[in-house]
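S.K.: Model the full structure from these sequences, guided by the hints.
There are 2 protein chains.
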Amino acid sequence: MKIISLAKSYGGTQGVYSHMSEACACEMTFAVFLPPQAEHGPRPVIWYLSGLTCTHANVMDKGEYRRMASELGLIIICPDTSPRGDEVPDETDNWQVGCGASFYIDATQPPYAKNYRMYSYLTEELPALVTAHFPTEMSRQSIFGHSMGGHGALTIALKNPSRFRSCSAFAPIVQPTTAGWSRPALEKYLGSNETAWRRYDACALIDDGCRFQEFLVDQGTSDRFLDEGLRPWLLGEACQKAGIPLLLRMHDGYDHSYNFISTFMDDHLEWHAQRLEEAAIFDRVAHPKEQVSC
Amino acid sequence: MKIISLAKSYGGTQGVYSHMSEACACEMTFAVFLPPQAEHGPRPVIWYLSGLTCTHANVMDKGEYRRMASELGLIIICPDTSPRGDEVPDETDNWQVGCGASFYIDATQPPYAKNYRMYSYLTEELPALVTAHFPTEMSRQSIFGHSMGGHGALTIALKNPSRFRSCSAFAPIVQPTTAGWSRPALEKYLGSNETAWRRYDACALIDDGCRFQEFLVDQGTSDRFLDEGLRPWLLGEACQKAGIPLLLRMHDGYDHSYNFISTFMDDHLEWHAQRLEEAAIFDRVAHPKEQVSC
Chain A
1 MKIISLAKSY GGTQGVYSHM SEACACEMTF AVFLPPQAEH GPRPVIWYLS GLTCTHANVM
61 DKGEYRRMAS ELGLIIICPD TSPRGDEVPD ETDNWQVGCG ASFYIDATQP PYAKNYRMYS
121 YLTEELPALV TAHFPTEMSR QSIFGHSMGG HGALTIALKN PSRFRSCSAF APIVQPTTAG
181 WSRPALEKYL GSNETAWRRY DACALIDDGC RFQEFLVDQG TSDRFLDEGL RPWLLGEACQ
241 KAGIPLLLRM HDGYDHSYNF ISTFMDDHLE WHAQRLEEAA IFDRVAHPKE QVSC
Chain B
1 MKIISLAKSY GGTQGVYSHM SEACACEMTF AVFLPPQAEH GPRPVIWYLS GLTCTHANVM
61 DKGEYRRMAS ELGLIIICPD TSPRGDEVPD ETDNWQVGCG ASFYIDATQP PYAKNYRMYS
121 YLTEELPALV TAHFPTEMSR QSIFGHSMGG HGALTIALKN PSRFRSCSAF APIVQPTTAG
181 WSRPALEKYL GSNETAWRRY DACALIDDGC RFQEFLVDQG TSDRFLDEGL RPWLLGEACQ
241 KAGIPLLLRM HDGYDHSYNF ISTFMDDHLE WHAQRLEEAA IFDRVAHPKE QVSC
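Top to bottom, those sequences are chains A and B. When the count follows the numbering used here, it moves up by one through the first sequence with no breaks and lands on 294 for the last residue. When the count follows the numbering used here, it moves up by one through the second sequence with no breaks and lands on 294 for the last residue.
Do not rely on the hints blindly, as some may be mistaken.
To be verified - Pair ranges (Cβ atoms, derived):
(1) A:1 / B:135: 48 to 56 Å
(2) A:91 / B:2: 29 to 37 Å
(3) B:248 / A:247: 45 to 53 Å
What the hints assert, rightly or not - A few chain B residues facing chain A, derived, Cβ under 10 Å:
(4) 127
(5) 222
(6) 255
Unchecked claim - Stretch by stretch, here's where chain A covers chain B in the computed footprint (C-beta under 8 Å, at least three residues):
(7) 31-44
(8) 85-95
Calculated directly from the structure, the hints in this document are not laboratory data. The structure presented is a predicted model; accordingly, all values stated were derived computationally and were not measured. Even glycine gets a Cβ: it sits at the ideal position worked out from N, Cα and C.
M.R.: Spelled out as structure tokens, the structure:
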């Protein structure tokens with residue numbers, strides 16, 4: 001693992017690192033914020049997954065998470081949104097497929113199958129790497145994200161409910177299998193058999209029996225992607241049918257940008273911290289019996 | 001005035017605007033954050049001046065000022081750091097002269113004299129423009145900035161003590177007339193007679209009799225520009241000699257970046273707000289008698 005940069009911030013350390021990823025077969029970059037409390041021992045971890053066109057840097061620069069993370073003693077990990085590099089296939093004229101647009105899947109189709117394995121990267125390789133290098137308390141993890149990263153957070157939590165204490169999202173893509181901006185990518189990464197796509201769709205996963213204890217979703221009403229790309233009410237319907245508590249908050253006048261995300265960042269961090277704190281005190285309630293293998 | 005973008009953030013509005021500037025003879029861009037309280041009437045104004053290489057956008061993206069500005073009801077105005085455009089003279093291979101490096105002066109030398117009139121722009125044209133377009137309470141203004149912008153804030157406050165209720169800076173350039181990274185610019189903008197440079201040097205202005213009620217300066221000890229470019233102790237000496245209270249805080253391990261600035265942004269906004277609040281309640285104390293025309 002290489003250190004790209006380190007800077008003191010809010011008493012902690014904002015670092016950027018890179019490493020040769022086996023899962024993605026390329027050099028991958030990620031950001032880690034260590035709160036000041038991490039000097040004295042392991043701290044809980046929150047994963048933040050970013051949206052289309054982003055890298056690890058967008059939320060690091062504009063997400064305004066460090067003040068509250070320092071106060072609460074949370075480690076914040078911000079991975080990149082896709083593999084990158086000269087040898088990584090890309091559609092440079094299409095922001096919805098290729099670099100910056102992995103949709104956090106394990107691709108099965110050429111030419112993407114070799115590198116676009118973000119699901120394995122985020123669920124296996126990167127957790128092992130950060131466990132080895134940082135004072136992480138991996139029994140207390142949460143996950144959240146924005147837009148495509150909200151989709152990533154929801155689907156990864158639904159498929160790994162025992163790993164995460166909580167999951168939330170800002171303006172998530174909740175049903176990529178039916179949205180115009182994600183269907184071309186899913187077809188290129190996973191092939192034309194849409195059954196395979198359902199493993200990367202929060203609503204479909206819930207329909208197929210995956211469960212998570214609860215979700216928090218914030219959504220701006222002036223988000224230009226709301227009606228066609230995001231449609232959080234579809235998650236509402238799926239959660240209601242499945243009995244999953246969903247706190248969906250619509251915020252008047254907010255858009256899809258970090259002006260929106262940063263406004264509600266504190267809320268999300270406090271919400272996760274409360275659940276991570278409970279996790280530290282009590283044994284966790286058993287997962288619902290209907291949990292299937294996702 | 002043209003609206004470039006508007007986004008709701010922390011209950012207020014982060015806007016970016018442009019206008020044809022008479023002072024700078026080019027189109028100028030600036031950012032204004034209106035807190036939610038501005039819907040109900042005029043609010044105090046804080047000017048933030050950015051450092052070398054920056055535009056209005058750096059602090060808007062990374063400065064983390066909106067949460068506290070919303071809480072305190074402050075309008076934050078972030079001007080650009082220089083004139084820009086195809087017809088504006090620049091040294092594209094030198095980040096210390098030309099675009100992004102105005103040093104907030106009124107240039108007197110060709111080819112810069114036509115456009116590089118940031119001092120007049122910030123003290124006359126832009127205040128008039130924002131007064132006309134935003135609910136500003138111009139009897140309550142403060143100013144702060146970073147690095148070259150800290151220099152801008154200190155020098156503009158010293159020359160206009162009745163306009164500003166308070167002035168602070170992050171890692172300011174306190175004596176540009178003797179620093180290697182500013183002397184070439186001052187010579188190109190103002191000519192080789194160094195007497196003319198003293199009007200744009202905080203320490204020299206104080207030596208020459210300008211006064212301000214007090215300053216707050218934060219500085220990171222791991223700032224790579226500390227010893228050669230910044231040297232806040234020189235401001236300490238000038239202030240001590242002149243009897244100007246200076247609260248200079250050295251912060252262990254912090255660098256020159258927005259990781260440092262954002263960490264102490266809340267402190268600065270609260271410090272200014274306290275002084276703006278006092279200004280609203282009491283008549284202001286008269287300026288020191290030794291105040292000279294600067």
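S.K.: Hints first: check each against the structure and report whether it holds.
M.R.: Against the structure, the hints come out as follows:
A beta carbon spacing of about 51 Å between residue 1 of chain A and residue 135 of chain B agrees with the range 48 to 56 Å that was offered as a hint. Under the hint 29 to 37 Å, the C-beta atoms of residue 91 of chain A and residue 2 of chain B, about 34 Å apart, fit the expected range. At about 46 Å, the CB distance of residue 248 of chain B to residue 247 of chain A agrees with the hint of 45 to 53 Å. The beta carbon of residue 127 of chain B is not positioned within 10 Å of any beta carbon in chain A (closest approach about 26 Å), and the interface hint is therefore violated.
Given hint, residue 222 of chain B at the interface with chain A, holds; its Cβ is 7 Å from that chain's nearest Cβ, closer than 10 Å. At its closest, the beta carbon of residue 255 of chain B sits 5 Å from a beta carbon of chain A; the interface hint therefore holds under the 10 Å criterion. Counting residues of the stretch 31-44 of chain B whose CB lies closer than 8 Å to any CB of chain A gives 0, so the stated coverage by that chain is violated, three being the minimum. As drawn, the stretch 85-95 of chain B meets chain A at 0 residues by the rule of a beta-carbon pair under 8 Å; below three, the given contact is violated.
The structure does not agree with the numbered hints 4, 7, 8 stated previously, though it agrees with the rest.
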